[in-house]
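**Student:** Sequence:
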Amino acid sequence: MLLAVIAYGGFQWAHQLKEGLIVAGMNQPVYWGLYLTNYVFFIGISHAGTLISAILRLTDAEWRRPITRAAEAITVFALLMGTSNVLWHLGRPELIYIPMLHPQPLSPLIWDVACISVYLMGSITYLYLPLIPDLALLRDRSPRLRWLYRWLSLGWQGTPKQHKLLDRAIGFMAVAIIPIAVSVHTVVSWVFAMTLVPMWHSAIFGPYFVVGAIFSGIAALLIAMAILRKAFHLEPFFRPIHFNNLGLLMLTMACLWLYFTFAEHMTVWYGNEPDEVAVLTSRLSGAFSTPFWTMITCCFVIPLCILSFKRTRTIIGTVIASCAVLIGMWLERFIIVISSASYPRSEFMHDGGLYSPALVEIALTAAQFACFALLYIVFAKLFPLVSIWE
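Sequential numbering from 255 applies to the sequence shown in the numbering used here.
Warning: the hint list may mix true and false statements.
Stated by the list, open to error - Derived lysine-lysine pairs resembling DSBU-like cross-links, with alpha carbons at most 35 Å apart:
id: 1; residue 1: Lys564; residue 2: Lys484
id: 2; residue 1: Lys635; residue 2: Lys564
id: 3; residue 1: Lys418; residue 2: Lys635
id: 4; residue 1: Lys415; residue 2: Lys564
id: 5; residue 1: Lys484; residue 2: Lys635
Note that these hints are calculated values from the structure, not bench results.
My request is simple: use the sequences and hints to build the entire structure.
**Tutor:** Here it is, written out as structure tokens:
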């Protein structure tokens, strides 16, 4: 099923490359909606792994040991899916190397590429280092793919010297990955904030995007843990305490997210700038009111009602809240991108209009989610999702 969805997405992308970006709605006043939405959404989910794992590791939270690898794998695959949206934007993806050869240092897009590239390499390293002792165990005991585990284990023998070096390397990466992760979503927000588009040009976008990224990342991690717990019988490792603690953390982020959302919209309302108020009105009571209030319900009301009480902060409860949060955070990205882009920014530009996603955008969106799930399943089949040596 997942392969079929991915194949259809590949077919639609080939169709876009052949016919041109017109099939993706580039001839309409408002475009790139799903591509940009998915880009920001997947980059946000990537904070589930390295950032959360690094913070818990540095604070010596012992309960985090069984969940760190599942979280770190989410980061790597979400980053791959997020960056793939850059390719969908291009009419000639084979020429993507040209901006790299002739970069514009003042462009936030170049900052974006640099930060995400460093974050991806750092996340792969941070996932790989704690995996080495388990790869050596698979090398010695697994009858299949022994050549792969032998190559990846780097001759690990488990000596005290090797353990000491590994602990130092993991500790260094845990410290280094936190500012890198924060910078990534800050720079992603600058792609919007450093324009003069109404309700994009905002100094609060940096921390607002980082909070939203951690928020959606926790939700993605909780859903992944619940699925893995059921599919691979990991009940002894993914215990109710993990869902309870992460649920409390997600509740905290929900309150913080609501604060930033309120502060952003309150400032625009009080400033009473006509262009920005027009976009704000479209969100509160206009064309985007339904997705906006659905977003508020999913990101705050539902998590608050479920996670505030220990009786409902169960595995099922946290999963329901997490599903609501992911839906709400995807809608938030969609509203940020589309509501401002739908408003004409000068008398010489288009008259505005509502965005209508093209078939190729829908197909590639579905393909990205399917590819993310497939990569995660393959990783779970090949490597232990719970750190054995830790």
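**Student:** If a hint holds in the structure, say so; if it doesn't, say that too.
**Tutor:** Do the hints match the structure? See the list:
Proposed proximity of Lys564 and Lys484 is supported: the alpha carbons are some 22 Å apart, at most 35 Å. Our distance criterion of 35 Å between C-alpha atoms is met by Lys635 and Lys564, whose separation comes to about 34 Å. Of the supplied pair hints, the one linking Lys418 and Lys635 holds, its CA atoms being roughly 29 Å apart against a limit of 35 Å. Proximity of Lys415 to Lys564 is assessed by CA-CA distance (about 44 Å); at most 35 Å being required, the pair is judged violated.
The straight-line distance between the Cα atoms of Lys484 and Lys635 is roughly 14 Å, inside the 35 Å bound, and the hint therefore holds.
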